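Participant: These protein sequences, in sequence, are chains S and V. Adding 1268 to a residue's 1-based position in the first sequence gives its number in my numbering. Adding 1268 to a residue's 1-based position in the second sequence gives its number in my numbering.
Check the hints yourself; a few may be wrong.
Treat identical chains as interchangeable: a pair holds within one or across any two.
[As the list claims (entries may be wrong)] Within a straight-line C-alpha distance of at most 25 Å, the following computed DMTMM-like cross-link-like pairs (lysine to aspartate or glutamate) qualify:
#1 Lys1521 x Asp1332
#2 Lys1516 x Glu1383
#3 Lys1516 x Asp1285
#4 Lys1516 x Glu1305
#5 Lys1516 x Glu1309
#6 Lys1516 x Glu1318
#7 Lys1521 x Glu1333
It should be emphasised that the hints constitute simulated quantities derived from the structure, not laboratory data. Everything numeric in this text was worked out from a predicted model, so none of it was measured.
Protein chains: 2
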Amino acid sequence: MGAAARQITAAAIASFDACPNPRTRELLQSLTAHLHELIAEMRLTRGEWERGIEILTQTGEITDEHRQEFILWSDALGISMLVDALADERPAEATESTVEGPFWAEGSPLREYGESIAEQPDGEPLWVSGRVLAVGGEPLARAEVDVWQNGTNRLYAVQNPDSPEEHLRGRFVTRDDGSFAFLAIRPTPYPIPDDGPVGQMLASTGRHPWRPAHIHVAVSAGGFERLTTHVFDSASPYLDSDAVFAVKPSLIKHLVRHDPNDPSRPSGVDGEWSSLEVNFVLAPTRMVTAE
Amino acid sequence: MGAAARQITAAAIASFDACPNPRTRELLQSLTAHLHELIAEMRLTRGEWERGIEILTQTGEITDEHRQEFILWSDALGISMLVDALADERPAEATESTVEGPFWAEGSPLREYGESIAEQPDGEPLWVSGRVLAVGGEPLARAEVDVWQNGTNRLYAVQNPDSPEEHLRGRFVTRDDGSFAFLAIRPTPYPIPDDGPVGQMLASTGRHPWRPAHIHVAVSAGGFERLTTHVFDSASPYLDSDAVFAVKPSLIKHLVRHDPNDPSRPSGVDGEWSSLEVNFVLAPTRMVTAE
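Bound-form chain S, shown alone (with noise of 0.2 Å):
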């Protein structure tokens, strides 16, 4: 028995060894090695096996082109963030990555410096200044700079027919001193969508859905490295068990909170306000060597 199962596993890995693309070849060997060696290890039992078919079809049920349930596995599971930190070869002064998670939106309105991002009143307003850098210091002028958010009903704009489709999000070009602003909201935390397999997997291990607050930042210039990373408010709770483990120290910022009479106050700003300033440091696009 014990038998039977090695040789099935060694049929399985062996299938493929005829596979034209030697990468392909690798990839399916090794899944196929790794998936063999866990359900041996588990002994794993023909009723779990029905379980896993079951959740697998569930999570194909409920991803559309608005919810990617397969992201919030790999997001739960740690898997996005070791694929982000594999890639990293970033210098040690560039700004870190960390997941893109599964709410951001092709085709961000474009917007003017320190406009607003919100399109409809939400939440305390935090105006959000900075650079884009190289690494070694020099700013970089009309990079990119892609933004998107919750709002204070936990909610991306993408994940509410009800919100304004551009709620919460855009992209602003620096100006020639690298310098880039616009007016968001103070994040707050919120669960990830729990109301699927990743929620009952997550209810089921006692593990809780919450992501600390943070804004969501992607910035592209030409020659660099494409950025996409976080700023964590480090007054948010969550910090330390972040549900997607996506926090790195590095991210984790300060938004100082202002007085409504605070001269610096931005037009348009009533009542409390915060502030964060931040610079996102690209590091130049790695060259591809010919094999």
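Dock chain V against the given chain S, drawing on the hints supplied.
Facilitator: Same frame as chain S, but now just chain V:
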């Protein structure tokens, strides 16, 4: 960077430390560890991760009540047969099991001894007869023999909206001496569904999608382990390269071809026909010992 990757893996595994159910904890920690090991060992790139998410998403999209692409992945990677092998603690004299596959359907019609499972003319008649026995040789009366097979159009009835729903499937109850008989069609090889992600994988890795000719059988009787198996035609091609790794030598049977004038010809049969005699030997239900 290597250290960052190891930290993420450790954090993801540790996130399940407080899981109340020890088996769930063990399964999720082992799943996480093996997936991380696979990804780190392969140095999976962001592009490959995206392709993986895309393949899983397409697998979800093509899966519905008539098509189970997740089970097809399990079959094509040898996982279904591995789970079968791990569960198989039957005594050596018992008939060996093999994969159920994605085409079994609940509630096949109960048919009379000797009745045909073909609801419309199809292929060459095959008279299948035999007995259901206990290990040791005792005949089992009133055992249920549930059979299903593909048509000459390569499809099972559940795959084909144009064929009668109950075509080529049926349930038979054994007589007092454990005997059963039915009229099937001589099975023909067929490709597993190859117009989806699994088919793309097979094509890109140089694997063929074919399964050797077989009839599916599931046998159940009170007090005995349910047996899910196949009978393979010894004259079929692909016996040594079944796309789902399900062939076991003991399940390969000789189908006897008969002359149209053979006096043993079953009623209702015209022209060339074949016969197959096969017994199914069941093992008693295992005692579950309290922990």
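Participant: All the hints need checking, so say for each whether the structure fits it.
Facilitator: Going through the hints against the structure:
Proximity of Lys1521 to Asp1332 under the C-alpha cut-off of 25 Å is found in neither arrangement, the shortest distances being 34 Å within a copy and 46 Å between copies. When the C-alpha separation of Lys1516 and Glu1383 is checked against a cutoff of 25 Å, the pair qualifies neither within a copy, at 28 Å, nor between copies, at 69 Å. For a Cα distance limit of 25 Å, the shortest separation of Lys1516 from Asp1285 across copies, 22 Å, qualifies, whereas the shortest one inside one copy, 41 Å, does not. In this assembly of identical chains, the alpha carbons of Lys1516 and Glu1305 lie at most 25 Å apart only when taken from different copies (22 Å versus 32 Å within one copy).
In this assembly of identical chains, Lys1516 and Glu1309 lie within 25 Å of each other by CA distance solely across copies; the values are 23 Å between and 33 Å within a copy. Proximity of Lys1516 and Glu1318 under a CA criterion of 25 Å is satisfied inter-copy only: 23 Å between copies versus 37 Å inside one chain copy. For the identical chains of this complex, Lys1521 and Glu1333 are neighbours neither inside a copy (32 Å) nor across copies (49 Å), given an alpha-carbon limit of 25 Å.
When the structure is compared with the earlier hints, violations turn up for hints 1, 2 and 7 and for no others.
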